[in-house]
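Residue numbers (the numbering used here), protein chains in the order written: chain A, 1 to 642; chain B, 1 to 273; chain C, 1 to 358.
Hints in this document: simulated from the structure, not taken from any laboratory. We put the beta carbon where it would ideally sit given N, CA and C, even for glycine. Incorrect hints may appear among the rest.
Taking beta-carbon pairs under 7 angstroms as the criterion, some of the chain A residues facing chain B (in silico) [unchecked claim]:
(1) M101
(2) I113
(3) V114
(4) Y223
(5) S224
(6) V245
(7) V247
(8) D455
(9) E638
(10) K640
(11) S641
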Amino acid sequence: MKRYSLKQFFQDFYLALILIFLYIPILTMIVLSFNNTKSRTLWGGFTLKWYEQMLQDQAILNALNNTLLIAFVSALIATVIGTASAIGINSMKKLPRTVLMGINNIPILNSEIVTGISLMLCFIAFGISLGFKTVLIAHITFNIPYVILSVMPKLRQTSRYTYEAALDLGASPLQAFFKVVFPDILPGILSGFLMAFTMSLDDFIITHFTRGAGIDTLSTLIYSEVRRGIKPSMYALSAVIFVTVLVLLLITNFTPENNRTGSPQGNDAALVRKRNRSARIRKGVLGIASAAVIFIVGFSTYSRYSVSHSNELYVYNWGEYIDESVIEQFEEETGIHVVYDLFETNEEMYPVIEAGAVQYDAVCPSDYMIQKMAENGLLAEINFDNVPNIKNIDPQFLEMSREFDPENKYSVPYTWGTVGILYNTKLIKERNLPVPERWSDLWNPAYEKEILMQDSVRDAFMVALKSMGYSMNTENPDELELAKQKLIEQKPLVQAYVIDQVRDKMIGGEAAVGVIYSGEMLYIQEEVKNQNLDFSLEYVIPEEGTNLWIDSWVIPANARNKENAEKWIDFLCRPDIALKNFEYITYATPNRAAKELLEPELRNNQAIFPDTEKLEGCEVYRYLGDETDAVYNSLWKEVKSN
Amino acid sequence: MRQNMKRLLAGPYVLWMIGFTIIPLLLVVYYGLTDKNGTFTFANVLSISTPEHMKALLLSLVLSLISTVICLLLAYPLALILRKRGIGQGSFVVFIFILPMWMNFLLRTLAWQTLLEKNGVINGILNILHLPNLAIINTPWAIILGMVYNFLPFMILPIYNVMIKIDDNTINAARDLGAGTLQTLFYIWIPLSVPGIISGITMVFVPALTTFVISSLLGGSKILLIGNVIEQEFTRGSNWNLGSGLSLVLMIFILISMALIAKYDKEGEGTAF
Amino acid sequence: MSQPLIDLQHISKKFDDTLVLDDLCLSVRENSFVTLLGPSGCGKTTTLRIIGGFESPDTGNVIFAGNDITKLPPNKRQLNTVFQKYALFPHMSIAENIAFGLKIKKKPKSYIDDKIRYALKLVNLDGFEHRSVDSLSGGQQQRIAIARAIVNEPKVLLLDEPLGALDLKLRQDMQYELIRLKNELGITFIYVTHDQEEALTMSDTIVVMNQGYIQQMGSPEQIYNEPENAFVADFIGESNIVDGLMIHDELVEICGAKFACVDKGFGTNQPVDVVIRPEDIDLVRPENGTLQGVVTHLIFKGVHYEMEVTTPDGFEWLVHSTDMAPVGEKVGIHVDPFDIQIMNKPASEDEEAVGVNE
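Isolated chain A (complex conformation) (with noise of 0.2 angstroms):
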């Protein structure tokens, strides 16, 4: 009867358009968590194997635990402190009340990074170590006012006569409360909380800033997840949380009912009846799906807890440096209890050890940030009668670490390798573009959007300062200058500044040029095999020399379990553990005894263990002093600025 006028089309057409912008993205990361291939254009078939690896996953488990536990938690304090006070301020005079009131919106009105770093400084300031409680209060503090403001209204519609009315017949103020004005408002309590819940599920910025030692979100595992690389179990992982929020939010938000709102008609009975049925199943669901959370968040709280670790050790490493099993195993040997976490670069894991945020026991930084640490005291001298294994260790990288640590009695190396070129042999055909071999190649406009820079101070300006033919350790201010200058020049032709991810954006053929560490070569070259890549990977050391670096285990100063932690490191030197963890992370190591148990093959592979000798021009990185830090870094925000 109606027409389907013009207007209505394009007002069908707008919409339609708005949902397309809106669910292309996660439908395209549902259809690809099904995808057999980790190509994101080519479809190779249904496959569930993301899914059972996302199962399988213990970080994104715990994540996925700590997150729950976060949220139920915090909303669960806020709501409760939230009520009362809102009770209270709803009682208050106009000036006192919007005072409070003012102060409430605080955290809501500001930038979540400004509140996450004003929590951090505060804590730190206060010596509370940051870890799951500094992030549960963070997470209360910017939960209440969501609660406040959702309760707030709820008071303001209630009538004192009400409450007055009971007074008068006979209940007692606190009776009064409970049996007139709590159910009155108890539809803005309930709303709060979930608010606070899903705030507290979705927070990412302020987690950030105030988690600690081996406390990770889902947010936060995705964010360190995503920079390092997309895994497709992370498809699998949006495609999971899209389900179930969907799931969730239809039966506690969608009301059938609602849309009727349009006639004028409201039709009596039937409709009331309808509406009160639907609710009562919401109320149940949500009953249900609550105490399901209670049950879930609480079992798996008491499982964690109900075996107190007197016996630990805080473990601060670099992302996938460890074989996983290794720490299980030393766990079963030791009966120490292992908190593990991660960092990305050395500049980021300093201050936290300098802030004592987090009271590591071993940390495992590159050469100059040894050296710095050093200097500054951060470090504890380790006691090498509890690290016999030490006699593994090969002499020659020793002696190379008296660079950073003069007199050998701070760090012990772990893993040791140098910093390169990968080109893609493909790539570099198609587009007749030269074989890289010298730094300088990386300044050949052929290249344009094709480079992989590292995205690390001293890597970035090691690689110009190293084209030019300078020390990568100079502190020579018109060095540097010069080097700032030939990186702003570079960066029309970088795709982009990566750290962990060179690698797997190199696999997917994104670019035909990276710099990388040389430990990343043995599990490319097995991923293009596996992958029945077109191209191959290859790596050089470019002509001008490079960077050898060794990445060693240090003790800090104010470690709570260094005992502990020499067993760790100890351990870690031990022939087969150091294979076990060569085999998984693939970098060189300089375990002497470990590496005479590798095949031929892979011992003699030049990328992985080139001849020291015949590096030229090679140089270690040393610290410069907090001065000439700064002024790399400043140098290097004008180049990313830039």
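Since the structure of chain A is already known, use the hints to place chains B and C on it.
Showing chains B and C alone in chain A's frame:
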């Protein structure tokens, strides 16, 4: 007496606010106005004027302004269509438009990385169709796209929530008095939805201005926004004083938006929730 | 009779699956005060909104001064509406509200200013130009809403329960105000209300509606004194509606007693509905009454007493009288023949609703 007892219920929260809202902010102010040795200085705040910080701030401002405007232009007609069709607040249609808001923020951004990368989904499809590739990943455009995508529901919701409260008869009255579609839009709809627009703008602008996640995931770390600068001062550069100083500058922008909210949104009707 | 100003022809309207208006026909003469009266949901507001252009009928036409305006949008119609709850623009001052329609029509500023002053004077709110909408009381807002409509010099003013939100005293004052305005402006008013007193006080013509049909249309006196069916009788004022038996013309049997009446043409021995207004019942001595009963309730109402008289068959008669009879007293009931209104019995519920429109 009883009122006094009730007021005491706010006590725990007042303590909590002092401990975890006010003192932390004062600490930011303290760090922002001192140097490493604890002596008073304006250097950190003033360092916003150095070229690299200024560039980052300006770029953040430009990108977040563009995103906010795009969000507004997309969201306003959408909210208006939903409102005019009498689609109720709890209805499925409205729900569908704000559902992505509840999806994890990082996963949403990750999705765009998947779509936009050089060998990503969009380019894959374009290749199959033999169309030229889209190369916006790692450019400011990708960041704008990420911002618009992530924050669009925060614009739709407050505008829609204000519109739903406008009485049908107010609109009918305008039509009745001779106003055409456009006149009704400019004289009635827009002035009456100002609280929602303002609230939407702040809800998009503030997080867009301070984001460091979107720029680092979609900008390939080539583009430095003020959020990235601050984040890196805290997590990498280890100059907390500088980071706090720059945060203080950011807070100025937030104060401005708070003032705007207080001015236009007295009844608190323009909230998203 | 001259050509009607507004002519609704066979209008039907459905919302979802509910029929709100069914084949409604209605003519409104120029310069009349027509009231659409009925309970909520009877279709009176929908009728008004169809005239105003806010709803379009599913079938039928709206003719305005001889032109079909069925498809014309509201902003192109020469009529203005005063909305329920006024619908003033909250973001504009009083003057801006009143000027709205004129500014849209791009009238010169001096003209607009004159009009604002004139309109405010007309509604007795001189000097309110710069006040804000929320600073006004309900009655004042109401008058502004009227002023806002009439400055556009519409041919017809549509009023949708404009007094519904006001308290009793204010409502009565506004009724006189509206009549005065109507007379001063000399335009047609179409007025929607569910309040029968308002309808009776102000209108030239009352249209009683129920369930999408017009039940009766006529002058207030006709509607009150000669309701055409039980619904109208019951809805307008208070009344006793009794089952009766039409013995023959001008004689009806009620509760076993025979009453003389003036109605003819109902046949012989036909069951009918009989309507008797409570103020038309005279209480007399038992022996002088046509019927006898006992007073079972008595309430003093100020201008009169309200009594309930129960007759032996159990029917409770509502009686208004300035004379009082105490509870328990036996009384006689007398009704003058011309105060008895005879109506056909509806065959079914449905037919009751269909009423006169069939």
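Evaluated hints:
The closest approach between the C-beta of M101(A) and any C-beta of chain B is roughly 9 angstroms, which is over the 7 angstroms cut-off, so the hint fails. Against a cut-off of 7 angstroms between C-beta atoms, the interface hint on I113(A) holds, since the closest Cβ of chain B lies about 5 angstroms away. Of the supplied interface hints, the one on V114(A) holds, with its beta-carbon coming within about 5 angstroms of a beta-carbon of chain B, less than 7 angstroms. The criterion of a C-beta within 7 angstroms of any C-beta in chain B is met by Y223(A), whose closest approach is roughly 6 angstroms, and the hint holds.
With a least beta-carbon distance of about 10 angstroms to chain B, the hint placing S224(A) at the interface is violated under the 7 angstroms criterion. Taking 7 angstroms as the C-beta contact cut-off toward chain B, the hint placing V245(A) at the interface holds, the least distance being around 5 angstroms. Interface restraint check for V247(A): the shortest CB-CB distance to chain B comes to about 11 angstroms, outside 7 angstroms, so the restraint is violated. Taking 7 angstroms as the C-beta contact cut-off toward chain B, the hint placing D455(A) at the interface holds, the least distance being around 5 angstroms.
A least Cβ separation of about 5 angstroms between E638(A) and chain B falls short of the 7 angstroms threshold, and the interface hint therefore holds. Annotation: interface hint on K640(A) holds; nearest CB of chain B at approximately 4 angstroms, less than 7 angstroms. Contact between S641(A) and chain B, as hinted, is supported at the beta carbon level, the nearest pair being about 4 angstroms apart and thus within 7 angstroms.
Checked against the numbered hints listed earlier, the structure breaks hints 1, 5, 7; every other hint is satisfied.
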